[in-house]
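Please dock the two separately framed chains into a single complex, following the hints provided.
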Amino acid sequence: MTRFDYVRPSTVAEAVGLLEAHGDDALAIAGGTATVLLLQKRMLRPELVVDLGGLPGLTGVEQNGGGLRIGALTPIRAIERDAIVRGTHHLLAEAASQVAGVRVRNAATVGGSVCFGEPQTDLPPALLAMNATATIAGSQGSRDVPLEEFFLGPYETAREQGEVLTHLSVPTPVPGSGGCHVKFTMGSPENKPVANVSALVTVDASTRALADVRIVMGAVGGVPMLAHKANDTLKGERPSDALIAQAAVRASEEADPVEDLRGSVWYKRRIIKVLVERALRCAIERAN
Amino acid sequence: MYLADMDMPGMAHAKVLRSPFPHARIVSIDASAARALPGVVCVLTRDEVLADSTIDPYYGYVYRDVPIVAIDKVRHEGDIVAVVVAEDEETAEDALELIDVEYDELASVMDIDAAMAKGAIQVHEVFKPIAPELRPVEGTNICHHSTLAKGDIEQGFREADHIFEDSYSAPAVQHCALELHGCIASVGDDEITVWTNCQSPFPLRGELQRMFNKPARVIVPYVGGGFGSKSRDRLEAVVVAAAKLAGRPVRLLLTQEETFQTFIRPALTCTVRTGVKSDGTIVARHHRFAVDVGAYSISGARSANNTLKVATGPYRIPHVLVECDAVYTNKPPSAPYRGLPTTQHTMAYETQLDRIANELGLDPIELRMKNLLVEGDVHVTGDLLRSVHAKDCLEKVSSSLGPQLKGEAVASNGTIRGRGFSCSIKYTITPSEPTLATEAGVELQEDGLFEIRIGTVNMGQGVDTMAAAIGAEAVGVPIESVRILHSDTALVPQDHGTTASRATFHTGNAVLDAGTKLRAELLSTASDLLEEDEVRLELSAAGVAVAGSSGRSVSFVDIARHRGGSLLAKGECWVGGVYTDESGKEYPIASTFWTFGSVGAEVEVSRETGEIRVLRIAAAANVGKAVNPEQTKAQLEGGVTFDLGPSLFERLVWGDGGQLMTTTLMDYPLPTLHTMPEFHVDLLEFPYDQGPYGANGVGEMGGVMVPAAIINAVYDATGVLFHEVPLTPETVLAGLEATGA
Ligand SMILES: Cc1cc2nc3c(=O)[nH]c(=O)nc-3n(C[C@H](O)[C@H](O)[C@H](O)COP(=O)(O)OP(=O)(O)OC[C@H]3O[C@@H](n4cnc5c(N)ncnc54)[C@H](O)[C@@H]3O)c2cc1C
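Keeping their order, the protein sequence lines are chains G and B.
Mapping of the first sequence onto our numbering: residues 11 to 298, in sequence order.
Mapping of the second sequence onto our numbering: residues 2 to 742, in sequence order.
Keep in mind that the hints were calculated from the coordinates and are not lab data.
Do not take every clue at face value.
With beta-carbon atoms standing in for the labels, derived distance ranges [said to hold, decoys possible]:
hint, chain 1, residue 1, chain 2, residue 2, range
1, B, Ser33, G, Arg55, 55 to 61 Å
2, B, Pro630, G, Asn116, 51 to 57 Å
3, B, Leu666, G, Asn74, 35 to 41 Å
Covered, in the sense of this in silico footprint (three residues per stretch, anywhere, with C-beta under 8 Å from a C-beta of chain G), are these stretches of chain B [stated by the list, open to error]:
hint, segment
4, 89 to 96
5, 526 to 539
Each residue gets a CB set at the ideal place from its N, CA and C atoms; glycine is no exception.
Next up, chain B with everything else stripped away, as it sits in the complex (with noise of 0.2 Å):
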């Protein structure tokens, strides 16, 4: 069952009045036409919010700088401005057409560019930073700017024999996931009761706590598709107070066109320079780059600040300096989006690549070949790297595209052919307090079966059945023997979201401490049941066993009955922590875990349209230890065929008023079956040794390579290298005129 499916004794339905504007200053508003409406419940505004004390108006757990509903001014077109409840949706909506809202308009800043101008308006006046690791620039719109260094970069260009420059662009995207967002929330006079289809439960829980002043619980049903566009709070705490003041459940449903507004992926600028060896040899890398992070920096400034320590891509350079400023514009808020900024560095340090191997005569394969990161290499945060194999993964590509034909041979009715690779890594949220432990729970039940509770989210990407294979696994018992409980903060333990690559991770490392944990209580328990050492003891479907052939056995009935009903044990998986170099210093890790991968695109270019075919795309990821290879494998797929639009066609367009053009999916191409390419999918199996049975997070690695092993395959194709995405068939083909290709 889906929220949209759910429905609640005595529930009403709430509406949204949204803002025209991309900007402006709210003189007043006059909901009382709206009130009188027969079949409105209430109406939710600035007044209602503020005339409330146990409710703190502002959430956000990067900067607390979202209101419930706008109280000084709207910051993007699609903001909120009021919450109609009402019997049913048609009502709410008339509702809407009654509140009298006058508006103020300001100028607005609807790019990077224009929001980090001298003298540019200012979107929030007064910053309200949250994260310690927050470095907004008073009097500007740049809510965050920091910077990652090592070694001496200006040695690093004094050192290199060719400096290279180039500037990249990426646009705004959404997620859109095949659900849609909605919330239903209750709040009774002790506890709130929110069913969200929410990424983060455990964080969202918290969240409404502190604003409400009352307990919560957060129930996640099955949740079709999030991608980072359902992760953290954006919707509860609207519908947590429309509750309040209707003093009954309450229900929203988005539609496409409000999620468009409500969260996307952040539109980047970006510039790389580098320098290089005669050889090919990497000596030296500076990354700029800017995130417009929307009108509210919900997780926009902490995403950037996450991708520094990407963001000079899987290879070894001495001399290095990354700089990242996080923009407010009055665009919709940004969310995170499935491998994040990630995607977008890969692009500009990737191509830039292959111009440099083309412009100094060498194979862009071997150039990579040449700088990538090994086993036991330090990464520029200071990390040391295990597990890392990008050079197989590379290798595999390559080889599994087979070999490519030459010129003409390729060409066809005006259709030109190219190949190009890219290579990537991608670290996971490694937060430092010990307070976000992720936990899991293995309970042996009267029954005799198994359950198994984890905080993770069920978005269709197969959490539960890798919880179940790990959980039987660690016990020592079938499959068949588990049953999965997941995401209802009431009844579950906690975790930290599900985000970043890191269930299989952090929940699999759980689960499996809690399995193992339980397991070793399991045959201490039989042990005293049958009078028999635990060595020979063995595990089953039924019981446990003594082994050899004198059929002496106890049932795990009889265990759990024992047991007082049943047998719960816990378990946990710690993130973070430091490491300690050569000299004894200790330093805090950047990430619990590193992802290393390669894609291989093979397209055909239109000379006469510019359109371009994604023929064949062929992707390796070291995973450690596929837990599930079917799902593993449609976990690389589904990344590819994820980022296959973003790199083609998909992008958010405002016109010049700041009002968003692309509202529907018929302005706004998704791939269908007709862009799906041949898939090659390679899983590299060296086990990671901090990982559950070796495995590593792998969820978003499919997806970052694409944009850049698609340009690159265009340079090949055309001899044009693209400096932004999407590559709609209109820019290629001005651009290859421009260029005379």
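If we strip away everything but chain G, and leave its shape as in the complex, we get (with noise of 0.2 Å):
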């Protein structure tokens, strides 16, 4: 580690002032579990260290119109076992549940993890999926950047040096929905995904065909990937094995692996097909 001061501002614009008058020489710090490990390894060398845990009003999960406002600060812990989100946002708590271990899971916090922009993560794949926007304060004021407009390449987000993240706002989905996240890790599934797959479906009552389908891709690419074409295939359809199937095909195709220790992109594919039939199964199920 090099050496930095440390600061610890006590609320969201004595924050966003002294990122942005230290600039690229400050570094933002929630629960630390991605920078720490950055810091250790001289990867970060800030001058300033900011630490975002004493902002108040940014932990936890409220109601909020049609939706769920998530501070930036609230641990993945506690989405996972938040008893709101288990009900109307299951999908998340489902996802929050496979990010690393229950000590990562402690610390980290959702702003972290959608900060971060890593592409092997977890939760941003399910927000994308449930259509989430991100609320950032910056030295104008706050602005709203919804999740599909918010990744922009690997590590890299809309969010900029000078912005804090003060929370989510995730809708309630429409009656007749179910969400699934499914992840394969190699070794031990607290380890990072070597794929995942989010999927949020709305099942027309009546006709029982896809009213809305969104799959997202998660570490198949710079940036968590809605599947178009596989959302587009289904979409106004009666599910059925076959036509899962296809999706998953579509899926595999538009998704844009590269090779790493967790896999070839041959095999990324293969596994983004298998994961997408299981989510579309069993968020279907669950929609039922």
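This is how it looks when you write it as structure tokens:
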């Protein structure tokens, strides 16, 4: 670790002010599970660490109009265990429960998971499947960015250096919806994903057709990816084994994985196919 | 207390500058800016080492090929170029960035094939062998070539009805002990003191004394796992040299990444050619293997050589040829790894045996039963085998897994189940030099308690409990009456090292010897004091009493006082020696004891993803006598668990430039609770006449059979025989698809 100064601001405005003033020399830190490892390896060398942990009002889950407002500092473990999330936003709780081991989940925050922009994550695909919006505070006030526009590339997001993510808004799925998050790892399930899939589907009660489908693929591109072709294949159709298989093949073609220690391009596409089938079957069953 | 918790008055902190290249000549090193940084105590480079005429800059007990810091060139990524000593670790890290090194990059050889290719660049231009058994091939990277033969291999293949040949490979992995490597050194005018988590304090002491020309004391606190990665010397000479230069105690603690660059299990390739009769009788076996010892042959060449003895397995084979090459490469140096290449040999010969069974239409268990060694057989080394019971072990694991369900009954949601078995034989380190006897002391002290002194290192495996049990039993007092003093070279007698399943046998025997002698002394002293014949005396927790109801006794406190305050007995266990064959010819024995065992595995394979779940493992070994049954069982379970990782997903990966890619445990998955199978462990207790109370070594036995059993189980499930580990989901799926299984 290199030496740095440390501050723990008590208002969002103060935090934003410090981050703006110090620019690239400042590092915001929430749970620290991603950043401290990089600090130890000297891959991050900030002059000032701005600990967001003391900011008021950024922790916890609230019902808010047609959905949930999740504070950026909410620990991932709290999402997993929250009764409201488990009820109306089950997909989110399921994805949260698959992040790392319980010790990491206790420390890691939802905001850190989103702002880090790491491709191998579980929560961002689920948030994207649920059509979440990020609210970011800057010196000019707050702005809302739909998650579809938030992730720009590996470790690159729409958040500017001087901004703080304050919360995420996640709409409540319409009745008849079901979601499912499936993750494939090598070794322990606590490891980072080789690939994962978050699927949210809505089944029309009268026709049994799929009124809406949002399949998101994780770890097979620079950012979590909506599987547009697979979603289009399914939308408006009644699900069948053949149709699900067809959508899974489309999704695996859309995926854009790179070869790394977790697998080759060929293998990751194969895993996506399997995961899309599994996630769809499970989500449709839950919708019914 | 572990090493990282220890602090010494005036202690400074070291950090190491490591080579970014796998192979390069060092043109220049400029450390002046680092030295000038406030808080820096000193910087050790080749200049300081070479300037100190009292230091031999090279160490190594097989080859003297490891420099304290790089002298002419760096030979692997992570090779030590300089050491900064500073008031704290952060300052030392800051200073590392100020050292300017100019490298002249050289071509590198990152694997066995590249290193053995004609015209390959040499990792070491000059060989510096120390161990007498070494046979380097000049002008190549082969630092050791050796063979073991029995019978006439050509004749054997002529007698065979069928010949099978298979090639195998296993990559480098790391031991991943929970406690990382570390060392504190202090160099006084008259003595070097080293606190280190080393598995072999006495050989380390010898090497430090030789290098630094000064008496040394090595103190080993509790060690958080070693598995071979902490055997012998690696870090200590570096820290001693730094402490000598600094003039104050210095501590170095490695990170996980540095540990991956310090000591690894070598990669191995092998080809097995086997001749069998149609009824399954094995008549010939040609086993060729090459071990990637890495940049320095710290133990690699000897480890490879030692496993010649077990490369053909626990089978009676009349015609045998084993050939071994130990090869220098530009990977980190290799360390012994629990079981040594016995594991990879077992993987090769045991999985080929299942192919033979399948192709000849024989049952894999019956095929093994037909060929397994039995009591009184002569091993390929010429050793007469006793306390074998290999067949009993196989029967045990086969019955404890129970009847196997076949076909559709066990297949569900795209998975399929299978079962595989393996058998093995393991030797122990058996040096021929008599100076390497293991010694122990048992002392009655003035408080009436007994202190047992052993050189064995406690790494969580339970040696203290073992020594206490044997010592108490030998003296004839309750276990509560003994205490243990271990692994401080100034306070305990010598031991060769806590490796190769040797502690219970060697240290146990030495403690038994000492305890027996002390008991005799106690009885004779009590006999004098009580004026009673020894045969009428009995020992208890309190002292020695006259049998019967007279109530006459003398306490241990009084016996100690009578003998000048304490009473010490020394014991020892000699290893090695010779056998005499029928013609009267003598030859050195290859191993003080041999351990036999079996493992059975039941796995579930996903046809969709290639993922393997190991559902159940049965393990059995002939342990002779389980001194502590729970701990002995735990050794087998721990051994199995240890090798599940390298069987399923562990591997170190280097990129095209020779840089390690798996630098953290996030990229190098380890077994977790999720990986754990259901265990069925059986201890067979057929006593070994030379062991303490009949005990045999067993520490390495559980793991060595695991990859073979898993590969065989996958073969049973899918019909595809894999010739490599780890069986990652991708490897398995690719294998299934390639064969249309
Ligand atoms: C051993 C291990 C295993 C893991 N396994 C998984 C896994 O299986 N699946 C998975 O999804 N993830 C996994 N992770 C990643 C983990 O989810 C992230 O490390 C965690 O979510 C980051 O949250 P944090 O609060 O600790 O972030 P920090 O480390 O504090 O910060 C991360 C980044 O986000 C920025 N940041 C944080 N909060 C804010 C905010 N409110 N506003 C603006 N910027 C902010 C920081 O500046 C920094 O750049 C694993 C991590 C570890 C250490």
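**Prompt:** Hint by hint, which ones does this structure get wrong, listed from lowest number up?
**Reply:** Hints 1, 2 and 5 are the ones this structure does not satisfy, whereas the remaining hints hold.
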